[in-house]
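Visitor: Top to bottom, those sequences are chains A and B.
Counting from 1, position 234 in the first sequence corresponds to residue 348 in our numbering; the numbering is continuous, with no gaps.
Counting from 1, position 310 in the second sequence corresponds to residue 669 in our numbering; the numbering is continuous, with no gaps.
Derived by calculation from the structure, the hints in this document are not laboratory data.
Where hints are given, some of them may not hold.
What the hints assert, rightly or not - Here chain B is said to cover these stretches of chain A; the calculated rule only asks that three of the stretch's residues, wherever they fall, bring their Cβ under 8 Å from a Cβ of chain B:
| id | segment |
| --- | --- |
| 1 | 172–182 |
| 2 | 218–226 |
| 3 | 230–238 |
| 4 | 269–280 |
| 5 | 311–325 |
| 6 | 345–352 |
All residues carry an ideal CB built from backbone N, CA and C; glycine is no exception.
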Amino acid sequence: MEQPIFVLDQASFGYQSDQPLVQELNLLIYPRESVVILGANGSGKSTLLKLISGLLYLSRGRIAAFGTELNEKNLQMEDFNRAFRQKVGFVFQNSDAQLFSATVWDEVAFGPLQLGLNPEDVKLRVEETLALLGIANLATRPPYRLSGGEKKKVAIACVLAVNPEVLLLDEPTNGLDPRTQRWLVELLVSLRQAGKTIITATHDLSIVEEIADRVIIFNEAHQLAADGKPQELLLNRQLLLDVNLIHERSHFHILGQTSHAKHL
Amino acid sequence: MDLPTWLQENDIGMCPCGCMGARSKKNFVEKTLFELARVVRDSIFSEELAAKQGLLQSLDPRSKLIGFFFLLLAIAIVQNPVLLLLAYAALVLLALLSYVPLGLFVKRVWLVVPLFTGVMLLPALFNWLRPGDPLITLLNFGHVLRVGPWNFPATLAITRQGVKGNLLVMLRVGNSVSLAALLTLTTRWPELLKALRILFVPKIFITTLEMTYRYIFVLLALVEDMFFARKARMLGPGSLQENRHFIAASMGTLFGKSQAMSEEVYASMLARGYSGEIKTMSSFHFKLWDWAAVLLSILLSLLLFVSDKALGGNF
Chain A
115 MEQPIFVLDQ ASFGYQSDQP LVQELNLLIY PRESVVILGA NGSGKSTLLK
165 LISGLLYLSR GRIAAFGTEL NEKNLQMEDF NRAFRQKVGF VFQNSDAQLF
215 SATVWDEVAF GPLQLGLNPE DVKLRVEETL ALLGIANLAT RPPYRLSGGE
265 KKKVAIACVL AVNPEVLLLD EPTNGLDPRT QRWLVELLVS LRQAGKTIIT
315 ATHDLSIVEE IADRVIIFNE AHQLAADGKP QELLLNRQLL LDVNLIHERS
365 HFHILGQTSH AKHL
Chain B
360 MDLPTWLQEN DIGMCPCGCM GARSKKNFVE KTLFELARVV RDSIFSEELA
410 AKQGLLQSLD PRSKLIGFFF LLLAIAIVQN PVLLLLAYAA LVLLALLSYV
460 PLGLFVKRVW LVVPLFTGVM LLPALFNWLR PGDPLITLLN FGHVLRVGPW
510 NFPATLAITR QGVKGNLLVM LRVGNSVSLA ALLTLTTRWP ELLKALRILF
560 VPKIFITTLE MTYRYIFVLL ALVEDMFFAR KARMLGPGSL QENRHFIAAS
610 MGTLFGKSQA MSEEVYASML ARGYSGEIKT MSSFHFKLWD WAAVLLSILL
660 SLLLFVSDKA LGGNF
């Protein structure tokens, strides 16, 4: 059987020991999987993504990526750091935090430059990425003159420009209009078909069945509540209610069916 | 959900008597909002001006920087006011060829220079500070004035040397500021910062400046939101104390938010491969035209210098 990309073994994390944000999590993520992490606000989805991307380090337990332990010491190793950052791309929830360069062009060039591509290749890479996402016209714009949807596209472009194996997305559809949401779903589907591993944290149930082949659900105690196929988990209304992801009277469409509230 | 009764009371329409009340004065919330909008408007305006297809816009920012550096040196050395006036005329011509609105170009410089430089130079006009040939006598005391250990001449006058000197400094400052204005108005800010590399400014300073400039707008948007929220909930002008509290609270919020933001920005830099040393790349191209412009500005600077030596500082 194929080796998992990420191995989490009894992984816990919290800024204060009595308030864990991720608690004793065991998880394996395999190459080419498309995983959606579901959970109510504050259930630890974003924290998990930051742990997987080596931005935060565990308080207890073990986490390994590509067969190497993911800890502060290893990430200080130049070669491992470069290889890991190239392989794992992170699209942040707040695009403003991600777009720190003076122009869109510089922003997209940042990743490839840090990873040591030569200037000619960087130029070509940036232009191709901008064209792929249909934002070539924004190249010279400063980020403060972009709309929310445009910012998200640029943020995704910056990450795609280094051709990561694994794509981590934190609430990618937040604040996007339906048209841009649709565009994003289609992009994620193509990336999945191209063999990328995609891990998305969201509470937008309407996109889950299209982008996921595996769903992980967190409860409000920051523990894993379920791990399975989207079809099974999304139709399990009681489960979604238990983790406080939906309200008794929420209804949403899935697999051509509508999940309705029980008649009161 | 059970709403409390006060939330269920409805009163559509304004005050039944139809009165509008007295007009309240614009308070600091409105003024701040207006100023915030102005900052953004100005920056968009400069951005557009820098994107026009004018003479100076067509130059590589680095060649502009070098060329202007030499011209700045020449202007600082030149003693002859006629040459300085000619130089200013040339700058105005450059501004016109670069689609810089003349009104803005002249106002930006000449409203500021007399105010700051003029005030500083004012004392040098008088013979009490700098002896010289009187041009206009203002006061005549008839005898030498003794104030403590100081002796002042019997007359207070504006001297010819004072006027000449002040005029010269004003012209120099005006020319220098105009040069700087031309440079900043016709170059996009991020490109100008990048061009500073050629003057050996370290990369980390430039990147930090770039990011600072970038986040000014994020924080401006935040301040704007806070002030709009305040304006929407304000029923009257509010007491001074209330306003002070609001300002203090918004400063605190802004500080907290900018710190949280800086952490997130750093995380996103790390995620994209930043490892302590920033790597940048500029897409500048030094064309033949840029070399010509640098050469031309060096020649002009020399010409200014040589003709100044030939003509001398007299007028």
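Visitor: None of the hints should be skipped; say for each whether it holds.
Guide: Status of the hints after comparison with the structure:
For the segment 172–182 of chain A, the stated coverage by chain B is violated: 0 residues have a C-beta nearer than 8 Å to a C-beta of that chain, whereas at least 3 were required. Note: the segment 218–226 of chain A has 5 residues with beta-carbon separation from chain B under 8 Å; the three-residue rule is met and the coverage holds. Residues of the segment 230–238 of chain A lying with their CB closer than 8 Å to a CB of chain B number 4, which satisfies the three-residue condition for coverage. For the segment 269–280 of chain A, the proposed coverage by chain B is satisfied: 3 residues have a C-beta within less than 8 Å of a C-beta in that chain, meeting the threshold of three.
Restraint check on the segment 311–325 of chain A versus chain B: 0 residues with Cβ-Cβ distances below 8 Å, three needed, restraint violated. By the rule of at least three residues with a Cβ nearer than 8 Å to a Cβ of chain B, the coverage given for the segment 345–352 of chain A is violated, with 0 such residues.
The structure is inconsistent with the numbered hints 1, 5 and 6, although it conforms to all the rest.
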